[in-house]
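Trainee: Chain residues, written in single-letter form:
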Amino acid sequence: MQLQGKKVIALGERDGVQGSAIAECARSAGAEVVLETTYCFV
Amino acid sequence: MTQTLEQPVIRGVRFFLAHTPGLVRYGSKPSRDIARDATVAAAIGSHLRSYEAAVAYPPNRAFLGHIHPDALTSIPRPWFTSDGPGVRWGAHGELMPEEEFYGLLKICDVFELVRLEAGFIEAARTALAAHPLLTAADLKRLGTGVPEAAIVAQCGGTMPALPLYLRNGRLIGCMQSAHEADASLAADVLLENLACKASAVMALRTLLVQEQLDPNAIPYVLNSGEEAVGDRYQRGGGNLAKAVAEMCGCQSATGVDIKGFCCGPVHALMVAGSLVSARVFSQVAVVGGCALAKLGMKYRGHLQHDQPVLEDVLAAVAMLVGPDDGQAPRLRLDALGRHTVAAGSSQKAIFEHLVSGPLGRLGLRFTDVDKYATELHNPEVTEPAGSGNVPQLNYRVIAGLAALRKEITPAQVPDFVATHGMPGYSPTQGHIASAVPFLGHAVDGLRDGSMQRVMFLAKGSLFLGRMTQMADGMSLILERNL
Numbered sequence: 012m013q014l015q016g017k018k019v020i021a022l023g024e025r026d027g028v029q030g031s032a033i034a035e036c037a038r039s040a041g042a043e044v045v046l047e048t049t050y051c052f053v
Numbered sequence: 325m326t327q328t329l330e331q332p333v334i335r336g337v338r339f340f341l342a343h344t345p346g347l348v349r350y351g352s353k354p355s356r357d358i359a360r361d362a363t364v365a366a367a368i369g370s371h372l373r374s375y376e377a378a379v380a381y382p383p384n385r386a387f388l389g390h391i392h393p394d395a396l397t398s399i400p401r402p403w404f405t406s407d408g409p410g411v412r413w414g415a416h417g418e419l420m421p422e423e424e425f426y427g428l429l430k431i432c433d434v435f436e437l438v439r440l441e442a443g444f445i446e447a448a449r450t451a452l453a454a455h456p457l458l459t460a461a462d463l464k465r466l467g468t469g470v471p472e473a474a475i476v477a478q479c480g481g482t483m484p485a486l487p488l489y490l491r492n493g494r495l496i497g498c499m500q501s502a503h504e505a506d507a508s509l510a511a512d513v514l515l516e517n518l519a520c521k522a523s524a525v526m527a528l529r530t531l532l533v534q535e536q537l538d539p540n541a542i543p544y545v546l547n548s549g550e551e552a553v554g555d556r557y558q559r560g561g562g563n564l565a566k567a568v569a570e571m572c573g574c575q576s577a578t579g580v581d582i583k584g585f586c587c588g589p590v591h592a593l594m595v596a597g598s599l600v601s602a603r604v605f606s607q608v609a610v611v612g613g614c615a616l617a618k619l620g621m622k623y624r625g626h627l628q629h630d631q632p633v634l635e636d637v638l639a640a641v642a643m644l645v646g647p648d649d650g651q652a653p654r655l656r657l658d659a660l661g662r663h664t665v666a667a668g669s670s671q672k673a674i675f676e677h678l679v680s681g682p683l684g685r686l687g688l689r690f691t692d693v694d695k696y697a698t699e700l701h702n703p704e705v706t707e708p709a710g711s712g713n714v715p716q717l718n719y720r721v722i723a724g725l726a727a728l729r730k731e732i733t734p735a736q737v738p739d740f741v742a743t744h745g746m747p748g749y750s751p752t753q754g755h756i757a758s759a760v761p762f763l764g765h766a767v768d769g770l771r772d773g774s775m776q777r778v779m780f781l782a783k784g785s786l787f788l789g790r791m792t793q794m795a796d797g798m799s800l801i802l803e804r805n806l
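Residue numbers (our numbering), protein chains in the order written: chain A, 12 to 53; chain B, 325 to 806.
You can take every hint at face value.
In the DSSO-like style, the derived pairs of lysine-lysine whose C-alpha atoms are separated by at most 30 Å in a straight line are:
id	chain 1	residue 1	chain 2	residue 2
1	B	Lys464	B	Lys566
2	B	Lys583	B	Lys672
3	A	Lys18	B	Lys672
4	B	Lys583	B	Lys353
5	A	Lys17	B	Lys672
6	B	Lys730	B	Lys672
The set of hints was computed from the structure by calculation and includes no laboratory data.
Take these sequences, add in the hints, and give me the full structure.
Mentor: Here's what the structure looks like:
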């Protein structure tokens, strides 16, 4: 998947992959993270 | 001043459950949905369990010490169809019926905010009179009650009270607000706080009585619950700990609240151990009351699968940390795991800080820990709502780290999970579900020699409060006292 120049919403989960980790990956691939957040479903 | 450090131990642990189907409507998710669509209340009402079903429910039985959590693996799912024996009292505590819990709320209410119908109070008094942990003074606090008409009028007045119902829809009382314009003292908030207090009181009383501990010998109480006790000028100001101590006859105690979302109890155990170790206090009680807001949190998924609304119990825990008696499990303060600010948010980083680091400091391998107690949420609650099997997710990460360190092979990961993990069985009661539900079984196993070492690790969702994007985590190890 090409993320260069794309806008990304990073929705993470506490016991899975957290939003900030997703955002970091997306940024490293050249994406613009417009929202990053993490949820807890328990 | 010279003095040596004391080795802290976990002297005892007890739990408390209350089956409160009538309060499910006041869980955060149900109450918001009912406000938008009144038919939701009836849909929930038609899927509420009986007390007998809640008592027989295998995860509740594991929580209260009737069965070991590992025994759940041999009980076919769905567990809610289990018609096994239902006994109120387990080795680690009781499951109280809702009629008695409403009476308990009244007993623990020192501001006359709970009003109960006169006939209901008399029935509750009769039931509570047989309770081994309640006194004549407690029963006196029930008062005589009010006519149903007065409750109806109060619920429709200028400062409406929150009506209180039984599972069958019968109106039996109301919860009043304490201020006409203070959201922190609104009836729903006070109900949450009072339920947290009452459940923690019962957990601590159970511990004190069953372990034959003198309440006056406890100098300090830490509350690790998440409820925001306070008013408009100090929302969440706290110290529910002292309110619980008061109700438990701990006349020589004061205390404080330690908050960290679901991570609170493990932080509190660490602080309690440190206070005992430093001989600041001879012993410290740690309590965690229930999370009423989490009742019915996954009800939509349960209704979609036409299964009972399983989030119908309130849970609490009480633990006592004291000096080394040569028998009780030792709390290893030299091997605490901390998810630091710099650690980052990847699961690998988190678990390296919480698991690998402490094990490395003690020169231990992953397999040297008999059991890892992590997020122990009951998968039968979370899976229908699409939230997955939370304990299994965590155990797979721990096993994956063990494989990365070549302590086990990738093929051994499932065996590691089965042996060193356990099925989730805790009610989704916030901080209560994080690691500490296994504490009772751990103390039993570490005392009788069936286990040598147990690690407790909890995570807190700090990001929910919108002050940081970070989560938190804390771990500690209990060892058999040789």
